[in-house]
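Protein chains: 2
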Amino acid sequence: MKIEAVDFHYLSMPEVTKAADGSQDALVVQVSAGGLTGWGECEASPLASIAAFVAPMSHGACQPVSASVLGRRVDSPDDIRAIAADVAYNSMDLLQSAHTWSGVEMALWDLLGKARGVPAWQLLGQAKAFPKLPYASVLFGATAQETLERARGIRAAGFRAAKFGWAPFGASLQGDIDQLDAAREGLGPDGVLLIDAGQAFGEDVEAAAARLDAMARNRVTWFEEPFSADALEAYAALARRSGPVAVAGGEAAFNRAMARHLIDYGGVRYIQIDCGRIGGLGPACDVAAHAVARGVTYVNHTFTSNLALSASLQPFAGLEGHRICEYPTELKPLARDLTVNRILPDAEGLIHLPDAPGLGVEVSAAALQTYRVPVEIRVKGQTIFAS
Amino acid sequence: MKIEAVDFHYLSMPEVTKAADGSQDALVVQVSAGGLTGWGECEASPLASIAAFVAPMSHGACQPVSASVLGRRVDSPDDIRAIAADVAYNSMDLLQSAHTWSGVEMALWDLLGKARGVPAWQLLGQAKAFPKLPYASVLFGATAQETLERARGIRAAGFRAAKFGWAPFGASLQGDIDQLDAAREGLGPDGVLLIDAGQAFGEDVEAAAARLDAMARNRVTWFEEPFSADALEAYAALARRSGPVAVAGGEAAFNRAMARHLIDYGGVRYIQIDCGRIGGLGPACDVAAHAVARGVTYVNHTFTSNLALSASLQPFAGLEGHRICEYPTELKPLARDLTVNRILPDAEGLIHLPDAPGLGVEVSAAALQTYRVPVEIRVKGQTIFAS
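The listed protein sequences correspond, in order, to chains W and U. For reference, each letter of the first sequence is one residue, going 29 to 415 in the working numbering. For reference, each letter of the second sequence is one residue, going 29 to 415 in the working numbering.
Please keep in mind that the hints were generated in silico from the structure rather than gathered at the bench. It is possible that part of the hints are untrue.
[Stated by the list, open to error] Taking lysine-lysine pairs in the DSS-like style, the calculated list, with each CA pair at most 27 Å apart, reads:
hint, chain 1, residue 1, chain 2, residue 2
1, U, LYS30, W, LYS46
2, U, LYS408, W, LYS46
3, U, LYS30, W, LYS408
4, U, LYS156, W, LYS30
5, W, LYS408, U, LYS408
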């Protein structure tokens, strides 16, 4: 199959707020080849990611993503990896290219799976897809009381695990302790409790470490993204003293090396990969293999649609012991409506990857229309992108 | 001073080729505040970098650069650092933001220097600006014979050091050996010879190491960017066996942590920083301090205009022992014409930082007009950027 077209659908809620809620807009990628359509999603700024696909070339090492993609043949997993290598080299000086390519790469696996009639996880070399234990992934309430109620709701909905994240966590030590106590109380004594600091502590190891006692007392399984994504030294310092609380991170990794370094230099015990950022399913799969080799647990990072969720589950579908998975439960209508079919917990509270070919998720044409953001980019008087 | 406006000037040569020549286009940043104008330059894809400034917000951690910049006060170096921290946090999920911010940050030092009547290097806390020994930075010839002639020309022009880089280096071992011999022969026995592999070896340590004997025999001072920017393990492996040839890298670093890791985990002995990528002068200065602490030599990376050159020299102006500096000698007319004044070697072949306030370089209004690339970006029917 020859890649004939790559179309970008920029979608948005009518209003976008400063909440750390990544489901307020979306960049959906549609790849057409051989009469088939593959779908992917960039977890990224839509406009900047579109620009990285269509930008005029600056020089040989700063080419747009399109230069390495359009017209290429995709008949095997190796073809996808070959294009990935070309994007990495030809666009090495175009920073945004990794985010753009992530959605395209995802769509290529969807496409190849459809062509062969097999799910993407099989193309990735996995013999079986094991069910996953979804953790409800939500933001902290503005107050501990709100978090308490949110946790009770999650428990009542049948989830056995939950993650609370971002502001106001990090604002004050006592406030954080109250939040941690409230989350544990609401979730009940047997729920898996996860905490996401949203990089609140920068590189300040002492500030992060001050929360460890309250985390240990509340049996927090992991302390996610305490620091800036690249603060490997701070990660390592916290990991050395975090005792029963594992340090987690990785959602910002936009190539396999960044994830590897968080494991090998940063000492994280859970590596969290977003296929919409790391370059798609191929590098995510490599990170999963590295995690296995190091005794680290691989987890998806997903805070957007079920298309992104399916993609992010594929690379570790075959890892039975890596059982927990992120499952966003408070999606904005845009992200909820984007897929016709949904990935829902079964009676035992477990989720299963779709059986259908590729990513096994059908994109809603109506949603693409309803939430559409028209964009036009003109350079030297020529329209180089119009949606 | 309050930041009233940030204007982007996208410039380009009429024709842009795949040569690894970063001077074929440019993104010049003009910041207006308190009746003064500061100038900076992003070493980046112009269109993608503009998009990262004007893009609609995706969520609280994926805001455009403009959200943290416009309307802010800049009355001291601390103000610049405070804005930098806000950009890093508010735009953490907008990958391109680091490149966009680099040009803006540079312009803020230019602005503040003009307001106080002192050069930027003084604002950065340095007591004196020492002269630097420029190395002529050029691409390899297509053949060893061409490289020989290019090296002779550089020697005849009075340069005491030269760097040859990029393709065809890496294509074949014998070809590379011939290129190395030719470069040394043309430069003469006493010239400082530097080699830039332009990431040709990916993560392949053995392929890079196969070039070490010919480099040692030709007394190559450094072997630059043998690997992908993030391949810290490969850097470390090569550094352990490179003997008299130092491993160098860092031009891709877009924050201080990446540069620190190349030193501490990758074992480079020269750290090469482009202020148009790393977030401007502030983080570059921090990297210079880290290099001093580790016994590593700091060097600028510059392959574009004299505006970028002046900016990239400021952070290590006061480091007398860090003497060598990159000096592009085959600039495209665009990059040559961009500044009214030029930084030229003196009778002894040394270059001096401008004495004038800020970056001390005057931008040519004529060049901004001559090489201008008109751009218009429309979202939801509204023009959000027009040049």
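Handout entry: Numbers of the earlier hints that this structure fails to satisfy, in rising order
Key = 3, 4
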